[in-house]
Amino acid sequence: MKAKQTIMLTCCLMLLVYSANTIAKPLRVVSLNLCADQILMALLQPEELVGVTNLAIDPEASYLYQQATLFHQHNGRIEEIIALQPELIIAGAFSSQPTNQMLENLGYRVVTLGLPSTIEGIFQQISRLGELLNLPHRSNKLISQMKTELATITSATEKNSSLRAVVYYANGFSAGKQTIVNEILNLAGFKNIAAELKLKAIAPLSLESLLASKPDVLLFGQLEKNTNSLAHQVLRHRAIQRYTALKHVQKITIPERYWSCAGPSTVAAAAYLQQHSRR
Amino acid sequence: MLALAAGNTATRERNLMLSLLSLLFILFISSLMVGDINISIINLLDSILNDRSSLDSIIFVEIRLPRSLLAVLIGGSLGLSGAALQGMVRNPLAEPGVIGVSSCAALGAVIMFYFGLASIIPLALPLGGISGALLAVVFLYLLTRNNNSMLSLILAGVAISSLAAALMALALNLSPNPYASLEIFFWLMGSLADRSFEHVALILLPTFLGWWLMLSTRHDLDVLSLGEDTAQSLGVQLKKLNKKIILGVALSVGAAVSVCGGIGFVGLVVPHLLRGFVGYQPGRLLSHSALGGAVLLLAADISVRLIPTQQELKIGVVTALLGAPLFLHLILKSKREWVS
Chain D
1 MKAKQTIMLT
11 CCLMLLVYSA
21 NTIAKPLRVV
31 SLNLCADQIL
41 MALLQPEELV
51 GVTNLAIDPE
61 ASYLYQQATL
71 FHQHNGRIEE
81 IIALQPELII
91 AGAFSSQPTN
101 QMLENLGYRV
111 VTLGLPSTIE
121 GIFQQISRLG
131 ELLNLPHRSN
141 KLISQMKTEL
151 ATITSATEKN
161 SSLRAVVYYA
171 NGFSAGKQTI
181 VNEILNLAGF
191 KNIAAELKLK
201 AIAPLSLESL
211 LASKPDVLLF
221 GQLEKNTNSL
231 AHQVLRHRAI
241 QRYTALKHVQ
251 KITIPERYWS
261 CAGPSTVAAA
271 AYLQQHSRR
Chain V
280 MLALAAGNTA
290 TRERNLMLSL
300 LSLLFILFIS
310 SLMVGDINIS
320 IINLLDSILN
330 DRSSLDSIIF
340 VEIRLPRSLL
350 AVLIGGSLGL
360 SGAALQGMVR
370 NPLAEPGVIG
380 VSSCAALGAV
390 IMFYFGLASI
400 IPLALPLGGI
410 SGALLAVVFL
420 YLLTRNNNSM
430 LSLILAGVAI
440 SSLAAALMAL
450 ALNLSPNPYA
460 SLEIFFWLMG
470 SLADRSFEHV
480 ALILLPTFLG
490 WWLMLSTRHD
500 LDVLSLGEDT
510 AQSLGVQLKK
520 LNKKIILGVA
530 LSVGAAVSVC
540 GGIGFVGLVV
550 PHLLRGFVGY
560 QPGRLLSHSA
570 LGGAVLLLAA
580 DISVRLIPTQ
590 QELKIGVVTA
600 LLGAPLFLHL
610 ILKSKREWVS
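Chains as they are written, first to last, in the numbering used here: chain D, 1 to 279; chain V, 280 to 619.
Quick caveat, the hints were computed from the structure, so don't treat them as lab data.
Be aware that one or more of the hints could be misleading.
Unchecked claim - These stretches of chain D come out as covered by chain V in the derived footprint (C-beta under 8 Å, 3 or more residues):
hint : stretch
1    : 165-174
2    : 206-220
3    : 234-243
To be verified - Over 12 Å on every C-beta distance to chain D, these chain V residues come out as not near it, computed from the model:
hint : residue
4    : I305
5    : I321
6    : L422
7    : I581
What the hints assert, rightly or not - 30 Å max Cα-Cα, derived DSBU-like pairs, lysine-lysine:
hint : chain 1 : residue 1 : chain 2 : residue 2
8    : D       : K177      : V       : K593
9    : D       : K214      : V       : K593
10   : V       : K593      : D       : K198
11   : D       : K200      : V       : K593
12   : D       : K147      : D       : K200
13   : D       : K147      : D       : K191
14   : D       : K191      : D       : K247
Just so it is clear, the structure is predicted and the values come from calculations on it, not from any experiment.
All residues carry an ideal CB built from backbone N, CA and C; glycine is no exception.
Make a model of the complete structure from these sequences and hints.
Below you can see the structure in the form of structure tokens.
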């Protein structure tokens, strides 16, 4: 009798240990995309997220560049990714398609993330990731954190009159209506001129059209570093300097890492613009 | 009879000069008027006369004026250099783009620009272009000194161009700026978009110096068309002539490429079209080619602004579409020379 009880107990214990193992054992996740890096680093620990892109530690491009040093960075080559033994691979819809396809063919589970252009889209993406990772409580926590921060920003913007702003990127590109930059501008209380001009996505805006749109605020990416390229030269064109001096246009430079991705940085970008805007 | 023919040529030449000048004037004015924004002339005159800045005057003075001036300067340099090189090596296929002078100049400028030298000393940019161009012209000269067959000229050009383009790609990839490697298209095709007065100021001196050097050879070039021995017996100092043209081409083309990239085929098309009007005299062709080059480049630049593409077309695309078929035609026409 006693032996039977012992066996039963041992079985129960083993089952318990086994099931606890399967529930608690985190998935090994690898991210193939800078924007996926940002959300996953906010949700996962270094032992869960076993690989982020090597762009993640770049302070120009990656918002969580300091946190990224805690994670392993890979160079995006397929052999290195396989060596990380991933159980779930998160890729971007626009990142290297051949790599995604190859990984799927090899039997890995690859999930691609789109590029949300609204704050609602970001929340949906975060909760989808929470479900995929079996960590809905963490994703809900992140979302509610972001919503609280957002509420502080929007309560401040309501009081302000709408200034008309335009983003001018390297190569004379601007961000139109279906971009996260448009959402950030609206959150910070600006009207996006590029959207008024019927630009849809990131599209070129000629220097002449830029000046003729009579902006109140001109937003640039970081200009101080590394501007030895034609792409950046246009941002220093004398016509822009003279026009901004003439009409007292406010120039704000915002590091690219704030809005290169849609995600936790989006709220921070809106806050950054709000702080730096002269009302 | 001879006097009559000479008189005819003189009238034709004068008519040609007049029509080129008036065409240049018309195109220059339209280049100032064409753009995304309609500028009201009354507002413009008002703000310029009252010395007051306005949106219209800023767009006019800071965007369109430097662009049109650059088209004239660079078009002139390319047309003139094409004519001078053709006179020097007595070969109608010599042209800064075809023989690799432009790509070497671009290589020099790329090295100065992307590694930060040009932002410390602005003059480093044209100097880089000029030294690159100088290397290529000297090499070309040494190569064709004893052998001016078309085949060796073109093959040497192909070799120089592709080597310079490869080195340029290497330099751009090594550059610390992430945008650099995407900009090879600008250096290979050229563009006048969003250039400013800084660029005009940078190239003004070397361009005029180059023009002066090349134009000062016009009588000697005419004599040279009779053959080297005859020219020497008539007192032409060949070495001096060649030095002047080499330096002139390097200065003007090097400077042009360093601010606007390598715009091809202008120096090929223009002298070819105008040669008949000046009685096939290489010396007389020079000034006409300069004017013709300016006209062609202005017209090409206006057309890239009018063609509705998402991003503005590179100006070298237009000139290549015009020039490449002509280049082929010239090669086919002179097939016989390939055998020699």
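Checked hints:
By the rule of at least three residues with a Cβ nearer than 8 Å to a Cβ of chain V, the coverage given for the stretch 165-174 of chain D holds, with 3 such residues. Coverage of the stretch 206-220 of chain D by chain V holds in this model, with 7 residues showing a Cβ closer than 8 Å to a Cβ of that chain against a need of three. Judged by the Cβ-Cβ criterion of 8 Å, the stretch 234-243 of chain D is covered by chain V as claimed, because 6 of its residues qualify and three suffice. Against chain D, the non-interface label of V:I305 holds: every CB pair exceeds 12 Å, the least being about 22 Å.
With a closest Cβ-Cβ approach of about 17 Å to chain D, V:I321 is found to remain outside the 12 Å limit, as its non-interface label requires. Non-interface status of V:L422 relative to chain D is upheld: no Cβ of that chain comes within 12 Å, the nearest being about 32 Å off. No Cβ of chain D comes within 12 Å of the Cβ of V:I581; the nearest lies about 15 Å off, and the non-interface call holds. At roughly 27 Å between alpha-carbon atoms, D:K177 and V:K593 fall within 30 Å of each other, so this suggested pair holds.
Between D:K214 and V:K593 the alpha-carbon distance is near 28 Å, which keeps this suggested pair within the 30 Å criterion. Restraint check for V:K593 and D:K198: satisfied, since their Cα atoms lie roughly 24 Å apart, inside the 30 Å limit. This hinted pair checks out: D:K200 and V:K593 have alpha carbons roughly 24 Å apart, not beyond 30 Å. Proximity of D:K147 to D:K200 is assessed by CA-CA distance (about 27 Å); at most 30 Å being required, the pair is judged to hold.
Of the supplied pair hints, the one linking D:K147 and D:K191 holds, its CA atoms being roughly 22 Å apart against a limit of 30 Å. Distance hint between D:K191 and D:K247 is fulfilled; the C-alpha atoms sit about 18 Å from each other, no more than 30 Å.
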